[in-house]
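Visitor: Start from chain A and add chains B and C according to the hints.
Chains as they are written, first to last, in the working numbering: chain A, 1 to 454; chain B, 1 to 165; chain C, 1 to 574.
Only pairs whose alpha carbons sit at most 27 Å apart, straight line, appear in this in silico DSS-like list of lysine-lysine:
no.	chain 1	residue 1	chain 2	residue 2
1	A	Lys35	A	Lys147
2	A	Lys194	C	Lys48
3	B	Lys105	A	Lys378
4	A	Lys282	B	Lys128
5	A	Lys282	A	Lys303
6	A	Lys233	A	Lys36
7	C	Lys23	A	Lys74
8	C	Lys83	A	Lys307
9	A	Lys445	A	Lys378
10	C	Lys159	A	Lys397
11	B	Lys10	A	Lys139
Just a few of them, taken from the derived set where beta-carbon distance is under 8 Å, the chain C residues facing chain B:
no.	residue
12	Val201
13	Cys211
14	Pro213
Just so you know, these hints were derived from the structure itself, not from any lab.
Note that the Cβ used here is the ideal one computed from N, Cα and C, for glycine as well.
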Amino acid sequence: MEHKETRLIFKHIDEPGYTNDIDCYMQYGGYEQLKKAVTMKPEDICAEVLTSGVRGRGGAGFPAGMKWKFLDRKSGKPIYLICNADESEPGTFKDRQIIHQDPHQLIEGMMCAAFAIQAKLAFIYIRGEFFQGYRILEKAIEEARSKNFLGDNILGSGYSCDIIVHRGAGAYICGEETGLIESLEGFRANPRIKPPYFPAALGAYQCPTIVNNVETLCDVKHIVEMGGEAFAKIGTPGNTGTRIWCVSGHVQKPGYYEFACADITLGQLIYDVCGGLKPGRKLKAVIPGGSSAKILRADERFKGKLKDGSEFDWGIEDIPMDFDSLAAVGSMSGSGGVIVMDDTTDMVEALANINYFYAHESCGQCTPCREGVPWMRKVTQRMVDGEAREEDADLLKSIADQIAGRTICAFGEAASWPVQSFIAKFKDEFVEKAKEQAARRKEGKATATETTLI
Amino acid sequence: MNLKPETIEKIDKLVPRYPTMRSAALPLCHLVQEDQGYLSNEAMEWIAQRLDLQPINIIEIVSFYPMLRTEPTGQYHVRVCRTLPCALAGAYQTCHRFEEEFGCKVGHTSADGKVTLEFVECHADCGKGPVVMVGEDEYTDIDPEKASELASKMKSGELSNGLPA
Amino acid sequence: MKIESIVENITINIDGQDVDVPKGINIIEAVKMAGKGKEVPHYCYHPKLSIAGNCRMCMVEMGMPMRDRTTGEAILEEDGSPKIGWMPKPTIGCATNASPGMHIRTHSDMVKESRNGVTEFLLINHPLDCPICDQAGECRLQEFSAEHGRGYSRFIEDKNVKPKRTRLGPRVTLDDERCILCSRCVRFSKEIANDDVLGFVDRGTYSTLTCYPGKELAHNYSLNTVDICPVGALTSTDFRFKMRVWFLKRTHSICTESSIGANTEIWSREGKIYRITPRRNDEVNDTWMTDSGRDLFKPIESEDRLTHYTIEGVHTTCDEAAASVVKLIQAGDVALVGSAHSSVEEQFFYKQIADRSGAKVSLVSHQGEGDGLLLSEDRSPNLRGALVTGLITELPEARLETLAREINSGAVKTIFAVNEDLTELGISKEALAKVNVIYVGTHANATSEVASVVLPSLSVFEKDGTFINQSFRLQRFKAAVPGPRGVEPDYTVLEKIAAPLSQEKPASLTIDLVWERMAPKISQFDDSFRWRSLPDDGVALNASAFLDLDFVETKNLKYDPAAFKEAHAAPVEA
Chain A
1 MEHKETRLIF KHIDEPGYTN DIDCYMQYGG YEQLKKAVTM KPEDICAEVL TSGVRGRGGA
61 GFPAGMKWKF LDRKSGKPIY LICNADESEP GTFKDRQIIH QDPHQLIEGM MCAAFAIQAK
121 LAFIYIRGEF FQGYRILEKA IEEARSKNFL GDNILGSGYS CDIIVHRGAG AYICGEETGL
181 IESLEGFRAN PRIKPPYFPA ALGAYQCPTI VNNVETLCDV KHIVEMGGEA FAKIGTPGNT
241 GTRIWCVSGH VQKPGYYEFA CADITLGQLI YDVCGGLKPG RKLKAVIPGG SSAKILRADE
301 RFKGKLKDGS EFDWGIEDIP MDFDSLAAVG SMSGSGGVIV MDDTTDMVEA LANINYFYAH
361 ESCGQCTPCR EGVPWMRKVT QRMVDGEARE EDADLLKSIA DQIAGRTICA FGEAASWPVQ
421 SFIAKFKDEF VEKAKEQAAR RKEGKATATE TTLI
Chain B
1 MNLKPETIEK IDKLVPRYPT MRSAALPLCH LVQEDQGYLS NEAMEWIAQR LDLQPINIIE
61 IVSFYPMLRT EPTGQYHVRV CRTLPCALAG AYQTCHRFEE EFGCKVGHTS ADGKVTLEFV
121 ECHADCGKGP VVMVGEDEYT DIDPEKASEL ASKMKSGELS NGLPA
Chain C
1 MKIESIVENI TINIDGQDVD VPKGINIIEA VKMAGKGKEV PHYCYHPKLS IAGNCRMCMV
61 EMGMPMRDRT TGEAILEEDG SPKIGWMPKP TIGCATNASP GMHIRTHSDM VKESRNGVTE
121 FLLINHPLDC PICDQAGECR LQEFSAEHGR GYSRFIEDKN VKPKRTRLGP RVTLDDERCI
181 LCSRCVRFSK EIANDDVLGF VDRGTYSTLT CYPGKELAHN YSLNTVDICP VGALTSTDFR
241 FKMRVWFLKR THSICTESSI GANTEIWSRE GKIYRITPRR NDEVNDTWMT DSGRDLFKPI
301 ESEDRLTHYT IEGVHTTCDE AAASVVKLIQ AGDVALVGSA HSSVEEQFFY KQIADRSGAK
361 VSLVSHQGEG DGLLLSEDRS PNLRGALVTG LITELPEARL ETLAREINSG AVKTIFAVNE
421 DLTELGISKE ALAKVNVIYV GTHANATSEV ASVVLPSLSV FEKDGTFINQ SFRLQRFKAA
481 VPGPRGVEPD YTVLEKIAAP LSQEKPASLT IDLVWERMAP KISQFDDSFR WRSLPDDGVA
541 LNASAFLDLD FVETKNLKYD PAAFKEAHAA PVEA
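Isolated chain A, as found in the complex (with noise of 0.2 Å):
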């Protein structure tokens, strides 16, 4: 069947002769909506973005409206704006399409958001990983700047602001709102207490700071055209906008697709847009949001309410994509990354090749997830190399329960959840693993078998 894509972000992505200058951008109607940002009152662009519904797209899905209702505005320290553009999540690939092939939409949200919230500078925060990235939107932004629509007196509107790029060195954590801020003060990326360290309060140099994701911020443009009511009608209440979905894994067309949310299911994107599993797999699990996302069981059954009193029953197939039905079945929709695995997969392999990633990637400041996090990778290492005991199954569900929600930051849950819904879900894998390494023990055999996931 066919699902068209609702193409409002990626509207000119992969098309042929469009290229990321600010000439081309301009002759699609480019910066319109910035010049009519800057005739509006900060405080109207805000309450359209409010109005709009539009939820944070790098992970948690927090209001952006109301992110920025809680900026502190009275505090008389400048107000920064920073572009996360740090896209880390494993399985998230939407914002490096926007960066190289359409700068100048960003770099328009951008300047429209930092109108709107009366920004003194802006930031782009981007990966070191993206140096091409980095390149273009340096160049995007000297254009931009040759055309007055940042830099001093924008468009003659009496606001001025410029954007600084500034790059990552590979850190996963920086794309943590806190941890983005350490790195960008030249500290080490370690996220900040909150309270009392909210950023819309205690930000960037101490001062008044909004953090959002580079897909919000390009929504932030098309909030200005369209106003925010008629971006709150794309998708359903409460998940509005659209999402871009990033499928990777064992799908035969793997690829970023843009839908209203709510306007296709997982089963739809998979096996329709993706073309379906390779010949002869049958799909056993998918992660659907980034791999700190739960993980969903291909056979498993859905039940329960949604926000709007309605009952569901559902099987992966069914499950709308956006952010509240994902929520509803246990997982999430966080970054948008899609990660498909079919009958072939190795669920422990899996939950290891995870495990070093979180293990690899922590800041190590915090206690529980210092320690905590690599003792799982350990675990997971350990029952792959050929020595995994029964009881590992549930030492690492304990492990998982005793750092999340005692972290510093989000990072902690992030480690947590894969490996808390893996046994969940796949326990019978894990047990089994240590049955077999015992048989063959027993047998006099090499415990361990090859492994293609870590």
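Guide: Below, chains B and C alone, put in the same frame as chain A:
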């Protein structure tokens, strides 16, 4: 400290843009590493002095971020993404092939100094995995076959080392 | 007089009990105030450092009175008490500030479980070093593992290996495996000592405390990091492997390095001192002291310690020596060179001796560079004691030129020197040969060698007494170890000299009897002051009589000369 004049110029232009000098620490580490190939003790002390900081402040961040290195790499800095989506696409098999081709274990530099082979974490292009970086250049959909192709091009010197001129 | 800022008290509820606490105080301090020995266990929090919040040990369960979302009215239980909305996740106590109506649970299942978890996590990579670790007996990890730990280990993987026994600085040894990365030392070095020299390298579980290669933790406050390190990662190289702390007796004392008068703790066993650490006094030194001050106990066992009363170099009894001194004094033309290192009690007696003999009194000022923290420019602990007792009325000079002239002119026949080597202060050996010298002191020097009578003195570690510091704070010190055998407390000997000068019989004195005599005679003291009942953290005296003197101290941690003068200025009569 023998930095190229262009680098000094970039540094002098960049530092005053930030609200604090310390903010320029990470950007300066990038610029000096691009200039010198890596960050020696001398380089870190130079950066500290340039920003009115203590050397400990610089080594703290250099050792925190995997992209910043305190030792030079081989001629080709080959990095294979190992995180789950690329692993599902066969990244470990790709890396094993590189190990065979270069006679070099992952995490090390080959004996002839030609290649430094490393695992890295998700590079945000999972739809086209396995992803391999050589210097600043990205290569996608690198299965073991294509890995061997890349390897032979590196051995012949045909492949760009991916570093800015 | 400065008016104290009024701190608002609010009521919060801790474990079902209502407690009054200052508004905004953090929960760890608030629970301390609740009393009953309750403590919120913590590692990274320190009352004098910024909040880090990284150990996650101080977790408590918190609830706030619930309010109706629309009306803002308080929601009540059936019995009329406010309904409390408890947070689903525990919160860290150090970063939570008390607000009215807050409810705290320190012992719920959630809290116990999270402490269990944190303790387990701290122990999994921690080396099993207790048998060889100096921190044993005063180790918070040991203490809290016993109290809040699981009691058994589930960890069968390999522990992380990090550098052990490295030299972090000239006085500090670092064991990175024991480090729990609480960052107290890093914060201290940066915020208090103003030397940003410590930091963490690498990331995650491999994070390691270190200095930059080539740099060291060498500032004069490095040992404070050892004091505040909750585990045995930072240890004193000097104290390493010397003594188990549970054998040591603790005595309160005062540092004599400078007029700061840092409050200290002397750790001794069977008459031998093993180390000195700072004692908390929020008015004087917070929880810190200098490294150099900690070494001051070492010389008391040196070879050149004066151990016997002597007349012309021959050992004699205390009584005979005292009698000999009295004879010399009664012969007249006496110059008394007192000391700003003497205790207040001793200075009281010296004043008496000076009054009764007509002796001219001079003191010697010892100065050095101040560091703006806890080492002041005045390198003597009790100059102000000499002022308060009236022993001197003006600030002393650094040398004794006037006295030298008086010796030469023959105006002085006997010098009574207390703990000063006169040959270093402008009085040559030849000049000394012209006069009789009575020497009171702890160690031999060029002056004691030519003295007719030598009266050995007890060091600050061996006697009871008081000093008055730069802020005119009267502070008490206690004897920690006995002095050389046969040496009496100074005031005993001085009584044996002073009494006969007024045709009195020397009384048998204790420190309390000394105070009974002294308190009424000194205007800055309350008549009722007694040594034994002085508060442990000292008493601030009225300094208005001395505000015009040009003291050498500049601003340091707890003293601002300008502010001090303002605070003590006598009120203007209407």
